[in-house]
Structures are given as C-alpha cells and as structure tokens.
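Visitor: These are the residues of each chain, in order.
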Amino acid sequence: MGKNNQGTIKDIQKISEEVYSVKIYAPTVDEILPGQYISILCEGLTFRRPFSVSDFDNHIITVLIKKRGKGTEYILSRKVGSSIEFSAPLGNVFSVENKKTLLIGAGIGAAPLFYLNKKLKELKVKTFFAAGFLSKDDIIVTPHPTLSRKGRGEYDFVSTDDGSNGNKGSICDYLEKLIAEFKPEKIVSCAPRPVLKIVAQTAQQHGLDCEICMEKVMACGIGVCRGCVIQLMQGDRVINKTVCKDGPVFNGKEVVWQ
Amino acid sequence: MAVKTLDLSVEINGFEMKNPIITASGTYGYNNEFDVFCDVKALGAIVTKGITLEPRSGNEGERIFETTGGMINRIGLENIGIEAFLKEKLPVLNKCGIDFILNIAGNTPEDYIKLAQIAQKNNIKAIELNVSCPNVQHGCIEFGTNKQTLYELVQMVRKNYEHCLIVKLSPNVTSAEEIAEAAQNGGADAVSAINTVRGMGVKLDFLNGRFKKTTVSGGLSGQCIKPVALSFVDRISKVIDIPIIAIGGITSFEDVLEFFSVGAKAVQIGTANFTHPNAAEKLVNDLKKFMIQYNFSNLSELQQAVKGV
Numbered sequence: 102m103g104k105n106n107q108g109t110i111k112d113i114q115k116i117s118e119e120v121y122s123v124k125i126y127a128p129t130v131d132e133i134l135p136g137q138y139i140s141i142l143c144e145g146l147t148f149r150r151p152f153s154v155s156d157f158d159n160h161i162i163t164v165l166i167k168k169r170g171k172g173t174e175y176i177l178s179r180k181v182g183s184s185i186e187f188s189a190p191l192g193n194v195f196s197v198e199n200k201k202t203l204l205i206g207a208g209i210g211a212a213p214l215f216y217l218n219k220k221l222k223e224l225k226v227k228t229f230f231a232a233g234f235l236s237k238d239d240i241i242v243t244p245h246p247t248l249s250r251k252g253r254g255e256y257d258f259v260s261t262d263d264g265s266n267g268n269k270g271s272i273c274d275y276l277e278k279l280i281a282e283f284k285p286e287k288i289v290s291c292a293p294r295p296v297l298k299i300v301a302q303t304a305q306q307h308g309l310d311c312e313i314c315m316e317k318v319m320a321c322g323i324g325v326c327r328g329c330v331i332q333l334m335q336g337d338r339v340i341n342k343t344v345c346k347d348g349p350v351f352n353g354k355e356v357v358w359q
Numbered sequence: 002m003a004v005k006t007l008d009l010s011v012e013i014n015g016f017e018m019k020n021p022i023i024t025a026s027g028t029y030g031y032n033n034e035f036d037v038f039c040d041v042k043a044l045g046a047i048v049t050k051g052i053t054l055e056p057r058s059g060n061e062g063e064r065i066f067e068t069t070g071g072m073i074n075r076i077g078l079e080n081i082g083i084e085a086f087l088k089e090k091l092p093v094l095n096k097c098g099i100d101f102i103l104n105i106a107g108n109t110p111e112d113y114i115k116l117a118q119i120a121q122k123n124n125i126k127a128i129e130l131n132v133s134c135p136n137v138q139h140g141c142i143e144f145g146t147n148k149q150t151l152y153e154l155v156q157m158v159r160k161n162y163e164h165c166l167i168v169k170l171s172p173n174v175t176s177a178e179e180i181a182e183a184a185q186n187g188g189a190d191a192v193s194a195i196n197t198v199r200g201m202g203v204k205l206d207f208l209n210g211r212f213k214k215t216t217v218s219g220g221l222s223g224q225c226i227k228p229v230a231l232s233f234v235d236r237i238s239k240v241i242d243i244p245i246i247a248i249g250g251i252t253s254f255e256d257v258l259e260f261f262s263v264g265a266k267a268v269q270i271g272t273a274n275f276t277h278p279n280a281a282e283k284l285v286n287d288l289k290k291f292m293i294q295y296n297f298s299n300l301s302e303l304q305q306a307v308k309g310v
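Protein chains in written order, with my numbering: chain R, 102 to 359; chain L, 2 to 310.
Keep in mind that the hints are not guaranteed to be accurate.
Here are the computed lysine to any residue pairs in the SDA-like style, where the Cα-Cα straight-line distance is at most 25 Å [unchecked claim]:
(1) R:Lys317 - L:Pro56
(2) L:Lys283 - L:Thr252
(3) R:Lys346 - L:Gly62
(4) L:Lys283 - R:Asp158
Since the hints were derived computationally from the structure, they do not count as laboratory data.
Model the full assembly from the supplied sequences, consistent with the hints where possible.
Guide: See below:
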C-alpha cells in the first residue's frame, strides 16, 4: 500500500570493479523523478538501504549498488526473478530547468546524475557530465547504453586519482577548468561529502546555482525520526533538515558544512 | 451461526483504543505521516514524538547507528514544541480520526506540569510522561531513575491532569519493581515499558595505516532488546495493578502474544516501523485473524488465555 512496494529483480549487471546495476520491475510505482531514491528491505537488517535512482522507465527502476556491507551484499545475493520489498519514491527532486548544467559525480555518487542527465538531454538542456573515480576499473559504465561512449560511459570528462584513464587527479582539481571551459549556469553534484563541500564553495565563488545530493544513514525515510538531519542556513537561521525527506537534494549555498 | 462481534478495544481511564496496537514515540511522527505506508487510523493509537514546552533542535553529530538486531539513537528530543503541535499537528490528528497519546518531556517538574495543564486544557485524552529519554543533558531520565523523584513528579502531574496518564519507564534502573510502584503510587493510570536501553555503537575504519573511530552513544532499541523488555514487564506485572503497555522490539504477532503472556494489556511498536513501515497495521490484522480463527470474542479473553498458561 502506498509507498511500500513489492518488485521483482529483472537484471543484475556488474558495471565496474565494485558497482552493480540492478533493475527492478515495480508494477506499483508509476513515477520516480531524478534525485529521488528507493529504500530496500534487507533481510535481518533494521534499516532499509537507500539508493538513488539511476533510471526509471516504464516501471523499471535502475539503481547502482556498490558492495560495501551487509545490506548491499544481501541485495546483490538475490537472484534475477526474486522478489524484493522497498519504499518508493522517497525524497525530493533535482530541479529540472533550462540552465546550462555542469554535472559533477564522484564514484558511486554519479548514480543519480545519469537519470538527471538523461532528462535534461531529452529537454534539450545543455549538460556537461564530469565524473571522478579512483582508477580505470572503478569507472561506472553508464546504465544508458545509447548515451555511452566507448570506455568512458556517457561522461564528457573523466578523471581518475591514479591517472589510469582520463585526466589524473581528483575531479575537484578540474572544477575551475571545467567551469571556465563549459561556462555553466548551474552545477549539480552527487559525491562524497568532502567533494560536495568543494563543489558547493566553488559554485558560490562563481555565483552559480548549485544543487547537491547528499547521503546519510537513514531510519524512517519520511522525515519523522529525525535521525538523518543536516543543518541549513536559511536567512540568518540555522535549521535542521532531514536528508531522507527534505533532501537528498539541497541548495549548495545553504548547507552548513561542519 | 451468528457472527460473533470481535472486541479488540482497550480502555484506560476513559481513553478508548479500538485495539491494543500502538506505535511508539519518536518512530511515527506527530500525526498521519505514516499514511503513505498504511492506514494510521486503524491503529489503537499513535504516541506522538516527544513534545517539550519550547521547540528543540536535538543533538549535533551522528544520531543513529544500526546494530545487530536493532539500532541506537541519540536524537536528543528534536521537536517542534507544544505550541506548534497544537496549531499544526493536533488539527490533523482530529481531522484524520487518529487516536493519539501525547508524549511529553521536560527539564524540570514545572515543565511537565505546564505541559499536563496544556493537555488538560486542550482536552487531550492521554499523555505519556517521558521520564526516561537517555539522550538529553538535563531532566527526563533523572526523573525516571529515582523512585522518590518519579513518585513526586507523577503526583504533581496527576493533580493537573484528569485523563489517561501513562508513565514510560526506563530499563536503566536498579529495581524495575520499585520504579513501577512509584509510578503507580504517584497516580499513573498505566505504565509503558521499556524505553531504550543505554548502549553504544562503535565503528572503526582502518585507512592508510590508521584507525578512525566513530561512536554513537544513546538508546538501544529493536528486536535485540525484546528479552530485556519481557523480563522487565514480567517483573513489574507482579507488583503493580495498573495496565502495562509493553514496548521493546515487538515486530511479529508472536511477539505481541509473548508480551500478553507476561501481563501486558497493550503494546507499542517502535523500531519495527523503520524496517516494515506497515508493521503496526499488519499486527492489528494478524490479531484480528487469530481471534476470529480461534474464536476469541474479546481481547481480555485472549490475554487471560495466554497469561494463564
């Protein structure tokens, strides 16, 4: 009933050294928008595990899952055809607007940007998708094969920390260059917290709009338990917002970085 | 054959609940938030998030930590305050027909008295005294761990509130029996037990040859505390006569029966709401099904049957 759904795993594909693309058939889910996430029930665990949606098309939800603990191990151990219970859709959305947009992903953080990039391209909004990874084997191959370019997925720019593919270094090292060359009106990012902080601050220095997608351990998924709050500065007041319901997408200018 | 009417109702000092399945404070919001997952008004009642006189922003830093069979929280009573509750949340509860218990917490006895007076004035039919929140600096748990202090607090609240007064007990005490007796002697209509168990989660990461440690100290809840709760309820049921509302890891219908068997008259569902957001409604349905199948016509009949074994 409502946001609690039963689905079927349709496909599990390994798409990088540690990341898998999981497709779930969800007959009761009619719409999920870029930025929103689903939260999957994992047998024996208290918390459902949240995953940004990388694509949604005709009741098929795609999420990218990196093996990193009991929850992700449980999901990835499920066989194609097995049923899966999850809450969806949860969270707020990226604003889809006609502004030249620079997308900055890092590691598994690229996940929600695939879906946003697809939507923006459908609307003929100019985008530039830059992503950073540790090494060439970590590069997440796009979940949208039609947008993929050989070896680089659908990225317009790739950096790897060890320089084994694309430009050497952290994606943060290239922010200024990317802004200077692409001249975006807006930056959208999903990445580990330290990267988000740099992206948000850089966007602010350049007077650019900035939306960031954040992650936190969550319990309820609908904003009631107050377990996943972050602080935002709105006007001259610091207020608590939940990543699970008020987010995961926030205005980069408002986030208080501790 | 005539269809027997099924009576699942529970009544405590004029507060009527249509069934004994209640959702626990802090896990279910203020009103109809869980309607996105289930039918909230089908529940016996919800206990609101803990409310204080003034709004509170709660604790900084990591607030929740998953453990084996449960979780630790240190939310720190973040809430909108009683004024906003009355203005924004109470009308929704009334409009949706959701039976509720107002959970109140304070730093001083005066806070509790004022909140009780406000509840009385606004015709709120049930309150639960949070005297056992382990996550705030002052007040709260200090009232719930000393029998004399608790007795005096309950007595003062009682004088200012005539409807259903429930005292939520902490397991972090030397004598469960004495603290329950103090609540009863102070004039409580019921006790709910247990609140969270004091606990600590440690997460160690080993990166670049160095350890990084994250700790979350707060209240442990979930299935892992069920044996603690069963023991606590069992012990206090032998010394007090007022109804006991059991809390502690209740997830399945079997859990509900186990708590009935040690003397509970109703139950609260907490952490299970996070794992299975429709858990509470499912328990109502499971209870109904069981009673119909095995020909129990009312709840106390079932409770006596399971307690008498």
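Visitor: May I ask which of the numbered hints given earlier this structure violates, with the numbers listed in increasing order?
Guide: 4
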